[in-house]
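Chemist: Okay, here's what each chain looks like letter by letter:
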Amino acid sequence: MATTVEQAPYFLDRKEKNLLIVKDPPKFDLESYIANYEGRTRLKRLEHIAMYSSYLAVDALRMAITEAKQGADENLYLSLTELLQSISREDPLATPDVEWAERTFKANKLKQEQLEGELKAYKNNLIKESIRMGNEDLGHFYYQIGDLGNAFKSYFRMREHCTSAKHLTDMTMRLTFVAIAQRNWLGAQSHATKVDAQVAKNEERGKLEPVINACMGLTHMCGNNFRDAARVFLNVSPSFITSEPVAAINFHKEVLTGNDVAVYGGLCALASMDRTELQERVLSDTDFRQFLELEPHIRRAISAFCSSKYSACLQILEEYRADYLLDIYLGPVVTDIYHRIRTKSIVQYFKPFSCVSLDEMAKKFQVKDEGYPIEDELTSMITGGILNARIDLVEGLLISPAKNPRHVVHSDALKMAQNYDHTLRLRLTRLNMQNAGMEVRAPKVDMEKNMDRGEGFGGTLRRLGQGLGGFS
Amino acid sequence: MADALSVCFNFEPTSPNIKSNLELDRHIRNHVNAVSHIPSSAFLKNIDTPQDFLEILNPSVNSIPYAFALFHRTQTHDWPKGPKSVPDTFRPGGASWGKLVEFLDSFDPVQMRYIGDVWRRLVEYCDRVARVMGTPGMAISPVRSAMLQLDPSTGTFTSNHLQFMRTCLEAGSYTAALPILDSYIYNLPQNIAKALIEIEGSVPCAETSTSSDFITTRSGHSEKITLSDLHEYYMLGAIAYIGARKFKQALLFLEHILITPTANIANGIMWEAYKKWVILGCLVNGVPSAIPRTANSNAMKQIRTASKAYDALTEAFQAQGSKLRAQAEVGVQTWAEDGNTGLVSELVDHQMRLAVSKLKDTYSAIPLTHVAKFLGFSMQEAEAYVRTLVARGYLNASLDHTPGPNGTLVLRFYTDLTEGPLAKSEKEQHLELLQQTARTNKLAEQVKAADYRLTLNKDYLEHVRRLNKKAAANAASGDAMDVTWDEQEPEEDIMGDLIM
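Chains as they are written, first to last, in full-length UniProt numbering: chain A, 1 to 472; chain B, 1 to 500.
Hints were generated in silico from the structure; no laboratory data involved. Every residue gets a Cβ at the ideal spot worked out from N, C-alpha and C, and that includes glycine. The reader is advised that the hints may include incorrect statements.
Partial selection, computed: residues in chain A whose CB lies under 8 Å from chain B [said to hold, decoys possible]:
1. H410
2. D412
3. A417
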């Protein structure tokens with residue numbers, strides 16, 4: 001069945017455009033995986049899996065469509081059915097239930113008008129609390145039907161009508177939530193920071209902090225700031241795993257679970273920290289250990305890296321590559337993260353040696369079958385300044401260049417002195433020119449005289465230049 | 001005649017009567033005065049006989065009269081305009097020419113400091129004759145030794161410098177100009193008040209006198225200097241350095257032109273200088289140089305907009321690949337018009353050289369086959385090319401034969417900087433550092449002197465005077481104000497009696 005899916009027009013099209021297709025089956029079981037999540041993110045995750053995995057596409061889409069039909073977002077339903085059509089035309093679920101879509105659309109429109117009417121009424125009454133709740137309801141509604149832009153706007157309009165700190169934090173958390181759903185990472189980050197500042201002195205902090213940290217970490221990671229992401233993820237308290245709903249949202253189910261925190265945090269740490277940091281802040285950290293227990297393979301990978309078993313570490317990561325590619329947030333950045341971990345391993349591996357044979361390097365770090373020779377990778381690392389080494393193509397060795405600090409110090413001193421000399425001489429000339437009152441001024445009336453002068457001079461230069469052309 | 005001779009010999013600089021530099025100065029000036037009053041007829045008597053003044057007088061001891069004698073000889077005919085107007089004896093190879101050259105080689109520099117006018121005319125005459133006779137090269141050596149003899153540092157710019165450069169370039173002998181060019185200009189002739197000189201004691205005959213003291217605007221050693229003269233000198237100097245393949249010095253000379261003080265406007269020669277400078281920057285440093293900080297930014301902007309072709313060249317140079325060659329071909333007309341054809345082709349060659357030497361950053365040993373493929377050459381061509389690079393000092397590497405049946409050539413780079421053909425031992429480095437320190441110290445001295453001269457500038461003195469006046473005014477008005485506020489009566493309670 002997998003092969004026929006791969007022949008489907010959708011995937012053939014992707015292949016032509018050189019887009020990513022994950023052919024290998026992932027390690028997780030689709031149903032238990034998706035059971036961890038609630039709400040809109042279930043549908044989006046299933047959609048993501050269907051788009052990228054030829055193995056699970058059909059199953060995922062079937063689940064997604066059934067569930068979408070129970071919701072209120074008819075646009076999402078229609079796009080899912082369209083996707084299934086381009087993958088497996090004969091599937092019964094592939095034909096959209098147009099009638100249902102129409103019905104839902106009309107019902108949504110009705111509800112929207114109703115809510116807007118109520119809001120108008122509240123506005124006329126000028127009761128702050130009602131206006132606030134009216135906007136909130138409108139926001140919820142828009143979110144349910146998948147109109148994230150309007151949802152964001154509605155929540156934002158609550159701002160001026162919030163009267164208590166709790167209202168503010170709730171509102172900002174909602175905004176963060178919608179921003180994440182919109183994949184607006186900078187926006188989400190700014191709102192999460194706002195909440196963080198708001199609850200700084202609050203008793204609510206214990207409840208909110210893990211959620212805030214988790215969201216911040218997520219935004220950092222999706223913005224390719226792995227170091228910041230790692231730092232924040234490591235700060236997430238283990239209470240996140242079973243946290244209570246915040247602003248009526250179960251963040252640990254509707255955005256990212258404890259397992260996700262473990263995976264994201266672990267990978268970002270591996271990509272950005274060195275061995276001592278990893279040892280201190282990840283492996284020895286009692287809080288984060290609870291997360292790592294949810295995903296033991298991440299812990300194994302990190303310990304392998306710390307004990308210099310680089311090939312083991314990379315191997316573990318490779319095994320889970322398919323899984324991570326199918327994750328909605330990790331998918332786009334996982335290749336980058338893996339690449340960074342790989343380069344770091346190579347650099348760390350080479351550090352203690354003065355000379356390693358290229359065969360040895362290839363054995364330890366050889367990439368799967370798409371092998372592109374280790375030499376090319378090393379060359380690009382050297383020219384990029386990441387690795388300080390030299391390749392001996394004749395003997396097939398990677399050599400650490402000899403260092404001669406005394407020599408370097410002397411030549412640097414000489415260079416600096418020469419530069420200083422150079423500048424000083426220019427200044428001296430300029431000083432003398434100014435003292436003699438020599439200055440280039442705009443030509444006054446007798447332009448002709450000056451022009452002639454210029455030509456004559458230019459003529460001399462031309463003549464001389466031609467003579468110079470012949471020197472070797 | 002005997003009268004004239006006795007006047008000439010009546011000069012005793014080492015007499016015990018002379019106790020101070022000022023006295024010596026006066027003594028020399030009197031002597032010059034006396035000799036200049038001798039009629040020219042006296043000097044022109046008895047030419048070519050043992051009684052000839054030029055035979056009796058010693059050029060290194062009686063330089064002043066000897067110079068006057070020569071000068072009057074040259075004045076017997078018109079300023080040379082063509083080969084025919086030069087008498088035989090003054091043609092290169094002739095007797096008088098020989099005497100002139102000998103004099104310029106061996107005169108007493110202290111005495112020459114006082115008769116700048118005569119000295120200059122002799123030098124100019126020598127140069128003119130050689131040119132007019134079609135052999136400008138004959139003038140190079142005498143003029144150069146004249147300048148060096150007068151002032152071994154040749155650091156004060158004179159019209160002779162410029163004339164000398166023109167002659168050298170006409171003769172096409174770039175290396176001959178180097179001794180003058182290498183002793184850089186650190187001073188321009190200035191106008192120093194006589195009273196000041198006497199106060200300072202920096203009379204020309206003093207031992208500690210430098211060329212900045214005795215070559216002034218009035219000493220006659222140079223004709224009036226204008227900015228375009230200075231520009232021309234630097235430009236011709238840069239061209240000479242380019243001809244001698246000393247690109248680093250050429251770069252510096254061009255920068256001297258670029259940093260000219262301007263009223264936010266650029267002139268033609270700065271533009272020419274910029275174009276050459278841009279290419280040289282790539283040749284010397286491998287990347288385009290940064291514009292010197294003291295260059296006027298408006299002028300630079302104007303120049304840049306006018307030299308887009310050259311900026312495009314440097315971009316193509318950095319980008320590697322064959323774009324550079326294509327760009328160079330497209331602009332052949334432009335380069336030829338500016339006289340930069342040679343430089344551009346040098347740039348194209350250099351790009352390849354740089355690419356090969358960049359290999360040393362990635363590889364420590366690379367088979368020649370790879371290098372050949374990288375360059376697009378055949379094996380023999382690659383080998384020859386690499387050998388020339390090593391010989392010319394662009395690569396710190398050597399070519400070895402690998403052991404084994406194949407025995408292909410291998411290019412081995414020396415990563416340790418103390419090995420290989422370009423190695424510098426610590427002793428050599430130490431020596432270089434010492435030399436550099438000496439140069440910097442000398443430069444610092446010159447800067448100090450120039451700075452000191454600047455404080456004597458009229459404009460600066462005006463400025464200081466104005467500042468002082470302002471400071472005095474401030475202090476005065478401050479005192480006045482203080483007085484009024486000091487003895488203040490305590491505030492009266494104005495409202496007090498109203499409340500009642």
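Chemist: State for each hint whether it applies.
Modeler: Checked hints:
1. The interface hint given for A/H410 is met, as the beta carbon of that residue sits about 4 Å from the closest beta carbon of chain B, less than 8 Å.
2. Checking A/D412 against chain B: minimum C-beta separation of about 11 Å lies over 8 Å; hint violated.
3. Among the interface hints, the one on A/A417 holds; its C-beta lies about 5 Å from the nearest C-beta in chain B, closer than the 8 Å criterion.
The structure does not agree with numbered hint 2 stated previously, though it agrees with all others.
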